[in-house]
Amino acid sequence: MTVSEHLGAVVKAYPQARVVAFADLSSRMVLASQANQAVTQENLDALCEQARTSFDDPLFALSVEAFGEPHAAMVLALDGVQVFLRSESEPADALLCICDHSIDLAGFVARIRQTLEKISAGT
Amino acid sequence: MNRGTLPILARLEALKTPARVAPDGARVLAESGHPNPLAALLRAVNETMLARSLTFESSSGTSLTLDVAGRRVLRLTGVSGVAGGEACMAAAALEDEHKDELIKLLQAVAAPRNELRVMSGPIGRDSDGLSVGLPIALLADLCLVELNEGGEVEPEPVPPTVEEPQIDTEEEDFLPALALRMGPALAAWLIQGGSADGRTGGPEEMVSHLQGFLDDEVEGVTRQLDMVSMVPAGPVCIVLGATLVDGHSILCARADGGILLGVIEGDATRTLLKAWNAVRG
Numbered sequence: 001m002t003v004s005e006h007l008g009a010v011v012k013a014y015p016q017a018r019v020v021a022f023a024d025l026s027s028r029m030v031l032a033s034q035a036n037q038a039v040t041q042e043n044l045d046a047l048c049e050q051a052r053t054s055f056d057d058p059l060f061a062l063s064v065e066a067f068g069e070p071h072a073a074m075v076l077a078l079d080g081v082q083v084f085l086r087s088e089s090e091p092a093d094a095l096l097c098i099c100d101h102s103i104d105l106a107g108f109v110a111r112i113r114q115t116l117e118k119i120s121a122g123t
Numbered sequence: 124m125n126r127g128t129l130p131i132l133a134r135l136e137a138l139k140t141p142a143r144v145a146p147d148g149a150r151v152l153a154e155s156g157h158p159n160p161l162a163a164l165l166r167a168v169n170e171t172m173l174a175r176s177l178t179f180e181s182s183s184g185t186s187l188t189l190d191v192a193g194r195r196v197l198r199l200t201g202v203s204g205v206a207g208g209e210a211c212m213a214a215a216a217l218e219d220e221h222k223d224e225l226i227k228l229l230q231a232v233a234a235p236r237n238e239l240r241v242m243s244g245p246i247g248r249d250s251d252g253l254s255v256g257l258p259i260a261l262l263a264d265l266c267l268v269e270l271n272e273g274g275e276v277e278p279e280p281v282p283p284t285v286e287e288p289q290i291d292t293e294e295e296d297f298l299p300a301l302a303l304r305m306g307p308a309l310a311a312w313l314i315q316g317g318s319a320d321g322r323t324g325g326p327e328e329m330v331s332h333l334q335g336f337l338d339d340e341v342e343g344v345t346r347q348l349d350m351v352s353m354v355p356a357g358p359v360c361i362v363l364g365a366t367l368v369d370g371h372s373i374l375c376a377r378a379d380g381g382i383l384l385g386v387i388e389g390d391a392t393r394t395l396l397k398a399w400n401a402v403r404g
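If you read the sequences in order, they're chains A and B.
Per my numbering: the first sequence = residues 1 to 123.
Per my numbering: the second sequence = residues 124 to 404.
Hint data in this document are derived by calculation from the structure and do not stem from the laboratory.
Accuracy of the hints is not assured; some may be wrong.
[Unchecked claim] Computed list of chain B residues with no C-beta within reach of chain A, every gap over 10 Å:
1) Gly-148
2) Asn-237
3) Arg-240
4) Glu-269
[What the hints assert, rightly or not] Derived Cβ-Cβ restraints for the label pairs, each shown as a range:
5) Val-255(B) / Ala-38(A): 54 to 60 Å
6) Glu-65(A) / Ala-356(B): 45 to 51 Å
7) Glu-69(A) / Ala-356(B): 42 to 48 Å
8) Glu-88(A) / Ser-243(B): 48 to 54 Å
9) Gly-68(A) / Ala-215(B): 31 to 37 Å
This structure is a prediction, so every number in the text was calculated from the model and none was measured.
Built from N, CA and C at the ideal position, the CB exists for glycine as well.
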């Protein structure tokens, strides 16, 4: 499967996922995305920047001190939920998602973790 | 199945469960491996219709004694090994303003990985006026505990009466409401700034560590929250974890001029979004 096909399968399985994007956090680039709504490149760039900020100090340092390096983050706001996962094998690889509040978050996180590791492994 | 029968079936199921009695006569509510000792405690109160004094003891050494009747906690008559609880102890009858403090005490005594026991005795004071006290349904709702064990279907709502006030969390500020809705999954937390400044929950040493971090890094945390927030004035929350589904995660939320910093234990995906959705209305 291609990266886009992997992302498309997630969006199809979870209609509450408005946007699912694969990014290289080190170069701040969204490499592929699938969405249930119209998104611009500016939207994707902003999402990538939010993911980088989430995995930044000072909260990143607190997490490392408390329980080790975080590979997952969520941002909850009134307009939705963002979920960011970093690959454990390739830490620059990340999935960036914008979801509705009604999403089954437990199932969704498990699904995108599996998807991210498949993409990072090139399978 | 008639949804109204669910509490009855749950009670019958509970009666079928063999109870273990400790050598001192106490009944073991939750073994040390019980997934949710707080739920076991609240259910024990919920099943106590006649006025009784219930003493809950944890193998950690903490204990508290409650006068209960008619699915209400009337008053707190004793507490040991847990800091706080002064306002509850001083109250002749528990009222809405005492619920946060009481929940902290209940969470401390019903701590995970410890055996929880209960002893029942005659009530200490006159039990007239059963309309006072805190409804156990309110406490269970705030702690995200389903009182009807094993029930997937909510019982039919009961029309409100003077004696059964509606659960109203809207008067609660956003951040403390979020913390309380998280229940025991939020293992330690504190709020800095805003109208709930200084409120805390969980073991003192963990809270102290979080406090020290926030004292040093409040500007950086504020900047980080500003940068992830698409709606500058609205509530926002960041959670960071190794996986979010197990282990521990760091929670940092901002609303109404205050910052909530806490540690989530276990699956943050199940507890946090449910609490967030409940509080955001």
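* To do: Starting from the hint list further up, note which numbers the structure goes against and sort them upward.
  => 6, 7, 9
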